[in-house]
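The whole structure should be built from the sequences, with the hints applied where relevant.
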Amino acid sequence: MMAAVKQTISFEDFEKIDIRVGTILSVEDVAGSDKLVKLQVDFGDFRRQILVGLKKERANPQEIVG
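Numbering (the working numbering) for the sequence shown: 127 to 192.
Possibly wrong hints are sitting among the right ones.
[Claimed, not checked] Result set (BS3-like, lysine-lysine): computed pairs, CA atoms no more than 30 Å apart in a straight line:
#1 LYS132 to LYS142
#2 LYS182 to LYS161
#3 LYS132 to LYS181
#4 LYS164 to LYS181
#5 LYS161 to LYS132
#6 LYS182 to LYS164
#7 LYS161 to LYS181
#8 LYS132 to LYS182
#9 LYS164 to LYS142
Derived from the structure by calculation, the hints contain no laboratory data.
Structure representation (structure tokens):
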């Protein structure tokens, strides 16, 4: 199923967005959850821990490391 195409924004609005790309360092199961995994992500100047509902999306969540 494809998501509907969203309305285009102006370049001025686009410049306000803070988009960052990071490297996923590790993926760990979250105890007691059938959906969540914990990611350690390196953004270069800082690292962040992020919880995502990935278990239903990928058979092997470890494949996104790197």
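Practice task
Against the structure, test the hints numbered earlier, and report the numbers of the ones violated in rising order.
Solution key: No numbers; nothing is violated.
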